[in-house]
Amino acid sequence: MGLVEPLFRDAIIYSSLLVMLSTGLTFTYLTTRVPNFSHGSFATLGIYTTLTLGMLFRLNPYLSAPVAFIISGLVALTMYLAVLNPLASRGAGYLQLMIATIAFEFLIFSFINIYADYLTANFGAIVEQARTIFLRKLDLRVDFGPLAQVLGMRAAGLDEPAIFIIAPATTLASVVLLHILLTKTKFGTGMRAAIENPPLAETVGINVRRAYAVSWFISGGLAGVSGSFWPLAFLGGTETGSFLLVSIFAASIVGGLNNLYGAMLGGTVIGPAEILGTAELSSVFGSWIIPYRPAIPLAAMAVTLLFAPQGLTGMRWIHIVRLRGYGSSS
Amino acid sequence: MALPLEALFLFDVAALLGVYLIITVSLNIEYGYTGIPHFGKVLTVAGGAFLAGALPGRLGLLILQIFPPSEAVRIDCGVAAGRVITSIDEALNLYIPCNVGVVDWLNRFLASNIGFALTVILATLIAAGLFGAFLGFISSYPGIRLRGDYLAMVLLAMGEILRIIGYNYEPLVGGTLGISLPNVFAWAGGEFRFIVATALILLVALGVYLYAELLVRSPLGRLLRAVRDNEVTAESLGKDVTSLRMKTLVVGSAISAIAGCLYALYTGGVIATTYNRVSWTFWPWVMVIMGGTANNVGALAGTSAFVVFRQLIIFYKDRLAGIVPFNVVWLDTLILGLVLIVILLYRPEGIIPEKPSLTLRREKLLKLISASETKPRE
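Top to bottom, those sequences are chains W and Y.
Numbering (this note's numbering) for the first sequence: 1 to 330.
Numbering (this note's numbering) for the second sequence: 1001 to 1378.
A couple of the hints might just be wrong.
Calculated cross-link-like contacts (lysine to any residue; reagent style SDA-like; alpha-carbon spacing at most 25 Å) [said to hold, decoys possible]:
1. 1247/Y / 95/W
2. 1247/Y / 307/W
3. 1317/Y / 113/W
4. 1355/Y / 90/W
5. 1355/Y / 94/W
6. 1239/Y / 306/W
7. 1317/Y / 1328/Y
8. 1247/Y / 308/W
9. 1317/Y / 121/W
10. 1355/Y / 96/W
11. 1355/Y / 92/W
12. 1247/Y / 94/W
13. 1317/Y / 239/W
Since the hints were made in silico from the structure, they are not lab data.
So that you can see chain W by itself, here it is in the shape it has in the complex (with noise of 0.2 Å):
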């Protein structure tokens, strides 16, 4: 028995591992307009990096969260380098540079599926599996009895899996320090002139390309930290972060492309409607429904552009409270 119900806890881990996700796909799209179709599999290389770390060299999976942040960090940066800046400066629209990322996805797919081959045919016995990986049993546990009997609550046996506390805490600090980041620094501030106008920010002095290259950086290294946490609350395997890329797709559209916050409520809201929404819609519908999980994030992104196609984050809500105002009072 848990401090919350296993239902709440993998909503709550689901939703922070969102939130990173759709950060860092918003935030590339902000800087070089690119929806990025390879940003799942970012993730799925972070699932190799715990995989490999806390499997084969008995690690702590948490050392993979760093090292999962550079190594995704630096595939991304590859692809921006190698391939789409390039091909922006010959001129290539969106629809090329998008096409390139479904491209460099195949490569990352092929790569990850050859080192999961040679994971079994190598060291099988070690790794046990290494197409469906669910590594809870690595995860430390939190007991927050010390902290109940503070409380004067019941003590007995209330631990949590690890990932609950470090997962959300992650991304909250991770959040908070892109949020620093974008406005505090004198490179943040440079980041954004280069997204609101790339070549004004260019007669100034920014260096623009160099804050693209740094968000592709820091948005990769975003999903391989999400990726390198996912083993340890759910099942992973190769095709992880391809199933994954819809709700991130979702969760962005939902809080609205055009605002890096507006990506972090989309994660917030999607992420708890699929996994709660789920359990609820089971509750009254029977058990058959649980396969169509996928379909939550679907319906919520179309019903958002249906009625607010500019996402959450573009509403005008104080419009929508004036309009209840006259209402009232005529």
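Could you slot chain Y onto chain W? The hints should help.
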């Protein structure tokens, strides 16, 4: 009589080529000519295939209900369902659990009666087209007013819906186990079914290709390009851009649903997992980009290059296994990714670039102008 392996391989390549050609031509109409980044092609292809999984067997049974067969109904369901079906009503009800038995029984009639088989094929293809059009309308409705990349993401996400339903809702195409289709080409006999099926696919592909050629040369084709190149201009000339984009998607979706349906009829089975994003959205995109957009010859070139290349890798898998240090399965995605990046970087217009649209010949134009000038105004 058995056909040699090489012949079967060639027919397989031709059939796959035909199926993908139908899809790429429809994608070319949508993206190449109208500029809609349709990243949800898999939705309608799967729609057509699922319809081919769900409809022909039941349709065949319904037809047999109207024109009852001379012999008594007796279908052994084997160990799985553990019973014997003795009426067509029962066969309809137990179509999914006793799929193989019912399909085997149906195949006997399909083998002996060409008219019956052709009716089923035709009805299924028409139904697939209508279903595809419906899917295209539904899936694009929420996002059709969006622009560019935004629309691409929405269509991509929408494309996933049907696969989820097909995988989980058993009465449609048997869920995780998949479903067998009645062999509507059984009358050709044995392996010759593949030849007949391939011929049908190539015939439909040819029809679609000619339709696309006529379409892009018509005034409508020029209007589509106008919408692609400058929406505001098109709108200022009184063209309803949103409705035009919607109609384009509906037509494109209907065409690609027919492709999915043909593929399912050809392979003789449907399982939801086959209809994934990579095979039916990304690959057609790769083919169109490779061949050259807004250009039907380019779509043909790209599709041929891609399909032949992939099938060759599969055919020579065993020989390649000794050379490549990893499983050959991953070789095609690896090479395709690299080729695609190289093409985007060094030949973004594709193998065969778009040609400027043809106008009338100068003499003919002058004749038309002088004719309209001499005509008295009313």
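Quiz prompt | 25 Å limit on alpha-carbon distance, applied to hinted pair residue 1317/Y and residue 113/W | solution = With a Cα-Cα distance of about 17 Å, the restraint between residue 1317/Y and residue 113/W holds, given a limit of 25 Å.
Exercise. Verify the proposed pairing of residue 1317/Y with residue 121/W, using a straight-line Cα cut of 25 Å.
Key: holds (20 Å)
Quiz item: Taking only the CA atoms, is the gap from residue 1239/Y to residue 306/W under or equal to 25 Å?
Solution: Holds, at about 23 Å.
Quiz prompt | Restraint status (C-alpha distance of residue 1317/Y to residue 1328/Y at most 25 Å) | solution = Answer holds: residue 1317/Y to residue 1328/Y is near 6 Å, not above 25 Å.
Quiz item: Is residue 1355/Y close enough to residue 92/W, meaning Cα to Cα at most 25 Å?
Solution: Judged against 25 Å, a Cα distance of about 19 Å means the pair holds.
Quiz item: Taken at face value, is the distance from the CA of residue 307/W to the CA of residue 1247/Y at most 25 Å?
Solution: holds (23 Å)
Quiz item: Straight-line Cα separation of residue 1317/Y and residue 239/W no greater than 25 Å?
Solution: This hinted pair holds, its Cα atoms lying about 23 Å apart.
Quiz prompt | Holds or violated: residue 1355/Y to residue 94/W, with C-alpha atoms at most 25 Å apart | solution = holds (22 Å)
Quiz item: When you check the alpha-carbon spacing of residue 1355/Y and residue 96/W, does it fall within 25 Å?
Solution: holds (19 Å)
Quiz item: Holds or violated: residue 1247/Y with residue 95/W, Cα cutoff 25 Å?
Solution: holds (22 Å)
Quiz item: Hey, residue 1247/Y versus residue 308/W, does the alpha-carbon distance stay inside 25 Å?
Solution: Roughly 24 Å between the alpha carbons, so the hint for residue 1247/Y and residue 308/W holds.
Quiz item: Given the proposed pairing of residue 1355/Y with residue 90/W, does the C-alpha separation stay at or below 25 Å?
Solution: Satisfied, since the Cα-Cα distance of roughly 21 Å is no more than 25 Å.
This entry satisfies every hint, going by the numbered hints stated previously.
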